[in-house]
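In order, the protein sequences belong to chains A and B. Residue numbers are given in my numbering: position 222 of the first sequence equals residue 222, and the series is strictly consecutive. Residue numbers are given in my numbering: position 279 of the second sequence equals residue 279, and the series is strictly consecutive.
Keep in mind that the hints are not guaranteed to be accurate.
Pairs involving identical chains hold if they fit within one copy or between any two copies, as the list cannot separate such chains.
[To be verified] With a straight-line Cα cutoff of 30 Å, these simulated DSS-like cross-link-like pairs (lysine-lysine) come out:
id, residue 1, residue 2
1, Lys147, Lys537
2, Lys404, Lys389
3, Lys58, Lys133
4, Lys400, Lys58
5, Lys397, Lys218
6, Lys400, Lys355
To be clear, the hints were calculated from the coordinates, so they are not data collected in a lab.
There are 2 protein chains.
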Amino acid sequence: MHGYNKSAFIPDWIDEPPKEGSYRSIFKWGDPKGFKHPNKRLYDHMKEALELTDNDFKKRENEGHEKVVCDNPIGLDHVHIQAIQSIVGSDNVTQDGYSRVKYSSGMTMIEVNTLRKKGNESVADIVVHPRDKEDVQKIVSYCHNEKIPIYAYGGGSSVNFGHMPVKGGISLVMKTHMNKIIAFNETDQTVRVQSGMMGPAYEDALNRAPENFSAKNKYTGGHFPQSFEYSSVGGWVVTLGSGQQSSYYGDAYDLVLSQEFVTPAGQIKTLDYAATATGPKINDIMKGSEGSFGILTELTMKVFRYMPENQKDFAFIFPDWEATVSATREISQGEFGMPSVFRISDPEETAMGLKLYGVEGTMLDKLIQMRGYKSGKRCLYIGHTEGEKGFSRHVEKMVKQICKKHGAMYLTGYPIKKWRKGRYSDPYMREDLQDYGIISDTVESSVTWSNLHNLHQGVRAFIKSRPNTMCLTHASHFYPQGTNLYFIFIAKYKNIDEYKKFLDGIMDVIQQHGGSISHHHGIGKMFGPFMEKHLGKEQMEVLRALKHHFDPNNIMNPGGQLGLDV
Amino acid sequence: MHGYNKSAFIPDWIDEPPKEGSYRSIFKWGDPKGFKHPNKRLYDHMKEALELTDNDFKKRENEGHEKVVCDNPIGLDHVHIQAIQSIVGSDNVTQDGYSRVKYSSGMTMIEVNTLRKKGNESVADIVVHPRDKEDVQKIVSYCHNEKIPIYAYGGGSSVNFGHMPVKGGISLVMKTHMNKIIAFNETDQTVRVQSGMMGPAYEDALNRAPENFSAKNKYTGGHFPQSFEYSSVGGWVVTLGSGQQSSYYGDAYDLVLSQEFVTPAGQIKTLDYAATATGPKINDIMKGSEGSFGILTELTMKVFRYMPENQKDFAFIFPDWEATVSATREISQGEFGMPSVFRISDPEETAMGLKLYGVEGTMLDKLIQMRGYKSGKRCLYIGHTEGEKGFSRHVEKMVKQICKKHGAMYLTGYPIKKWRKGRYSDPYMREDLQDYGIISDTVESSVTWSNLHNLHQGVRAFIKSRPNTMCLTHASHFYPQGTNLYFIFIAKYKNIDEYKKFLDGIMDVIQQHGGSISHHHGIGKMFGPFMEKHLGKEQMEVLRALKHHFDPNNIMNPGGQLGLDV
C-alpha cells in the first residue's frame with residue numbers, strides 16, 4: 001500500500017514480570033506475569049495506520065525498571081500517625097516510598113507516563129489497611145475531627161484519578177483485610193460481602209457455593225468488567241461500573257440490594273428490600289459517590305445461578321454500521337430477553353478485531369470476502385446468550401433471525417471464543433505500545449439510539465482529524481432506550497501535554513454531540529471539571545448539598561472528585 | 001355452621017351516581033357511574049366471617065348525599081390570591097367550598113369517614129390549575145418568597161394523606177391542563193409527557209401510536225396500578241407506585257428515563273440516558289419525593305411494544321401457602337423471564353377469590369375438591385405472560401412445569417380473565433360495605449423471600465387476634481430477591497379511633513417482623529411518623545438534607561410528608 005515494511009521483524013516486547021519495587025511494577029496493567037503482545041497482523045496494521053516503520057519499534061524507552069524513589073515529605077503530623085497506628089495497629093500503617101506511590105496511583109495514561117519517567121503524581125502521606133468496619137469508623141471519626149483527607153483504594157484500576165490523593169493524607173486500602181464474604185443466603189439469592197473483596201475471589205466463592213456455603217446450586221455475581229482481575233466489589237458500585245455481560249445481568253447499580261457506609265455524618269446502613277416506596281432511596285443515592293461521601297464497608301449483592309452449560313455463542317458480520325445498529329436496537333427492544341455479552345464494532349474496530357481474534361486469513365475470512373462484506377464498511381457483532389436453557393436458546397434464535405433480516409452473515413462462535421480468551425488481557429498490550437512511545441487510551445459515553453450516529457460521527461471526525469491516529473469504536477452495554485459508545489484512540493504524541501489537550505478536545509466533542517461524559521468509567525478528578533456543564537448547575541448543587549451533609553469538613557476524597565469541590 | 005341467615009336477601013346496594021356537589025361525589029372511588037357489588041357468595045361469606053346477619057344490611061348510614069359545605073376560612077391573604085390569579089388567570093383559581101374540599105381529599109378510610117359525616121379534614125385555601133411549566137415556575141417562585149404552602153394534586157387516589165394540605169395554602173391541580181404528550185420517539189421507545197396526564201389517556205395514546213404519532217407499532221406504558229383510572233403519570237413516579245404487571249414491566253421507578261422538576265432551589269432537568277456513571281443519579285434521587293422537594297412537570301417514560309396477542313393466561317391451585325411461595329420463588333429466580341400479572345393469594349384470600357372470580361360452584365370447583373385441595377389450606381395463583389410471542393410461550397411453559405412440580409393443579413385461564421374484568425373496580429365495593437358501617441382497608445409491605453413466612457404469620461396473627469376481622473393476603477409484585485405482602489383487613493369498628501389504633505398496631509407489627517412500611521403505596525403524612533424508626537436516624541437526615549436544599553422555606557407539601565418535618 002504505502003510501502004510500509006511488512007517484513008518478518010517482530011519488536012522485542014517485554015516478557016519479564018516487572019522487578020520488585022520498580023515503577024513498572026506499579027503501572028503495569030493486570031497480572032505481573034501476564035502478557036499479551038500484538039500479533040503479526042495487528043502489528044502490521046498499526047504500523048500502517050500510525051505511519052510508523054519497524055525502526056520505530058527497535059528501541060524501548062522509559063520502561064520503568066528503576067526502583068521507586070519517593071522524596072515527597074510526609075505532611076501528616078507524627079501525632080496523627082501514632083493515633084492512626086493505635087487504631088489499626090502499626091503493622092497496618094505503611095510509610096515507605098514504594099507503598100505510598102503504589103497506593104496513590106491509578107491507571108490513567110497520565111499517571112503511567114509520569115511513573116515511566118521516575119516521577120509521581122500526588123502521593124498520600126501514609127497508607128492504612130483497616131481490619132474491619134470498626135477500624136474504618138474510628139479512622140473516619142478521627143480524620144473528621146482532625147481534618148485529615150482520606151482516599152479509599154479499592155482494586156486500583158481507576159482510569160480517572162478516582163483515588164488520587166491530591167491533598168495528601170491517608171490512602172485507605174480496603175482489599176488487604178476487608179475482602180471476605182460475610183453471609184450467603186440461597187433463599188434470597190444474595191451475598192453479604194466486604195467492599196474490598198476482589199472480583200476473581202468473589203466470583204470463585206460464588207461458583208463454589210455448594211462447597212463454601214452448602215448451597216444447592218452454583219452461583220455467579222454476573223459482573224465482569226475488563227478490570228475484573230484488578231477491581232473490588234465495592235469499587236464496582238461506588239464508581240458505577242458495568243460488566244461485559246451487563247446487557248443480561250445489569251450494571252453494578254442494578255446488582256446491589258443494600259449497602260453500609262461509614263461517613264463523617266454517621267453510619268448509613270440501608271435495608272434489604274427488592275423494592276420499596278419509602279421516599280427517595282438512600283441505597284441508590286450512595287451509588288456512584290466515588291469515595292466522596294464516605295467509605296463503603298459492606299454490601300449485599302444479588303447473585304444468579306451459574307449455568308455456563310446453557311451459554312450459546314454467536315458472531316455475525318454486517319454489511320455496514322447502520323445495519324449493525326438497527327439490528328441490535330431491534331434485539332434490545334424485542335422483549336424476548338437480552339444477550340449477555342453483546343458487542344458491536346464499527347468498521348475501523350472490525351478491521352482490527354478480525355486480526356485480533358484471528359479471523360483474518362482463515363476460511364471464514366475468505367467466505368466473508370466472497371459474500372461481499374467489504375473491509376472499511378463491514379462490522380462485527382459478537383456475543384452470547386445465557387440464563388435458563390430454553391430462554392438462552394430462544395434468545396439465540398431471535399438474535400439470528402434479526403441479524404439475518406438486516407443482511408448479516410453468521411460467523412459461528414469462533415470470534416467470541418477468541419474474544420473471551422483475551423477479554424481481560426487485551427489491555428496488557430498498552431504496555432507494549434507505550435514501551436515504543438505509543439499511547440492507547442479510551443473514552444466512553446452513554447447515548448440514546450436516536451443520537452447514536454450523530455455522536456459516533458462527531459467524535460470520530462474529531463479523532464480522525466488528527467493525522468496518524470486510530471479510532472476504534474464499539475458498543476457493549478445495551479438497553480431498550482440506548483447503548484454506550486466506547487472509543488479507543490491510539491497515537492504517538494509529541495509530548496504528554498499534546499495528549500492531554502487532545503483528550504480534553506474529545507470530551508468537549510462528546511458533550512457537543514449529546515453524549516454523557518461517562519457510561520461506566522466514572523468521573524474521578526480527571527473528568528470532574530466537566531461535570532457542572534454536563535449536568536447543569538442545579539444538579540451539581542444537589543450533589544454538593546449531599547457532599548456537605550455527609551462530609552462537612554471535606555475530608556472524603558477531596559480535591560475535585562466528581563467536580564464537587566472545584 | 002353458626003346459623004347465619006343465608007336467605008335470598010340482597011342488601012339494597014347504591015346504584016346511583018353520587019349527586020353533583022355531594023360529599024359522596026368526592027369520596028366515591030373510581031368512575032361515578034361505575035359500581036361493583038359483592039356477589040351472593042361473597043356476601044354470605046362476609047356475613048359469616050364478620051358475624052353479621054341480614055339485619056346488619058338493612059339500613060345504610062352516612063351515605064354522604066348532602067351538598068358539601070365548607071366553612072373553613074380562607075387563610076391566604078387576598079393580595080396573594082390576586083398575585084396567583086395574575087400568574088395563571090383567574091379562571092384557573094377556584095375558591096368555592098366544593099373545589100377546596102375535593103382537591104384537598106384523598107382516599108384514606110379516615111378521610112372517607114369524615115366526609116361521610118359531612119366534615120372535612122385539612123382544606124387548601126385556594127385551588128390552582130397551572131397551564132404549563134412556566135406557570136408552575138412562577139407559582140413556586142412566588143410561594144417560596146412569600147412562604148405559602150403548595151400541595152400538588154395528581155389523580156387524587158392517595159391512601160396516606162399524600163396531598164393533604166395540612167398547612168392550608170394552595171392545592172396545585174396538575175391534571176386540568178398539564179395532561180398532554182409532548183413528544184413520542186419510536187427509535188428510543190420513549191415518550192415525553194406532562195406529569196398530570198391520567199393513566200387511561202396515557203395508555204390509550206400509546207396504544208394508538210400509529211394514528212397519533214405515525215408510529216410503525218402500537219405501544220404500552222406497562223403501568224397498571226389498581227388506581228389506574230384515577231392516577232396520573234407523575235403521581236406514579238413521585239409516590240413510587242407499582243402496576244399490577246410490574247413483575248414484567250418493572251415498578252414506576254424503573255420506567256422513568258428523565259424528569260423535570262420545579263423546586264424552590266431551581267429547575268432540575270435530568271438527562272436522557274439509559275445508564276451513566278456520572279455520580280449519584282439525580283433522576284433517581286427525585287423519585288419518591290412525594291411533592292416535598294418540588295413539582296414534577298414533565299417526564300420521559302420508557303414504553304414497550306403493545307402485543308396483547310402474545311398474552312398467555314394461567315391460573316393454578318396449590319395444596320398450601322408454603323408450596324405456593326416456593327413455586328413462585330423458583331419462577332422469580334428461574335432466569336427465563338417473568339410473568340406479567342403475577343399474583344398469589346393466601347388461604348383466606350383464596351376462599352374469597354374463588355367466590356369473587358366466580359369459580360365456586362362450577363365444574364372447576366368440583367374438580368379442585370375432588371383432587372383434594374382443601375379449603376382453608378389451598379392457595380390460588382393467577383397471572384399471565386407477555387412480551388415477544390416465543391418468549392411469552394416459553395415463560396408460560398416454565399410456569400406450568402414449576403407449578404406442577406410443587407403440587408399445583410392447572411385451572412385454565414378462567415380465574416385470571418374474571419380477575420381482569422374486576423381489576424380496577426374491586427375497590428368500588430368498599431363504598432357498599434361502608435354504607436353498612438364496614439371498613440375494608442389495606443396495608444402493604446416489601447419482604448425478602450427468607451422473611452416472608454415470618455412477616456405473613458406475624459401480621460395475620462395480630463389482625464386475626466381481633467374478633468370478627470377478615471385478613472386477606474396476597475403477593476403481587478415479584479423480584480428474584482423477594483416480593484410484597486398486601487394485607488386486606490375487613491371489619492366493623494366501634495368508632496374511627498378504634499380503627500386508627502388498630503391500623504397503627506398493624507404498622508408496628510409489620511416493622512417488628514422485618515417488613516418495609518410501604519412497598520408501593522408511598523408514605524404521605526399518615527406513615528411519616530414511622531419513617532425515622534424504619535430507616536434510622538442517619539438515613540432520615542439524608543432525606544432532610546435534600547429537603548432543606550430544595551425547599552429551605554418548607555413550602556413544598558409541608559406538615560409531615562415522608563416524616564421530614566415532624
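Here's how the hints hold up against the structure:
1. Taking CA atoms no more than 30 Å apart as the test, Lys147 paired with Lys537 passes in both settings, with 27 Å inside one copy and 24 Å between copies.
2. Taking the shortest Cα distances, Lys404 and Lys389 sit within 30 Å of each other both inside one copy (23 Å) and across copies (19 Å).
3. Taking the shortest alpha-carbon separations for Lys58 and Lys133, neither the intra-copy value of 51 Å nor the inter-copy value of 65 Å comes in at or below 30 Å.
4. For a Cα distance limit of 30 Å, the shortest separation of Lys400 from Lys58 qualifies neither inside one copy, at 46 Å, nor across copies, at 67 Å.
5. Proximity of Lys397 to Lys218 under the C-alpha cut-off of 30 Å is found in both arrangements, the shortest distances being 26 Å within a copy and 24 Å between copies.
6. For the homomeric pair Lys400 and Lys355, the shortest alpha-carbon distance inside one copy (24 Å) is at most 30 Å, but the shortest distance between copies (47 Å) is not.
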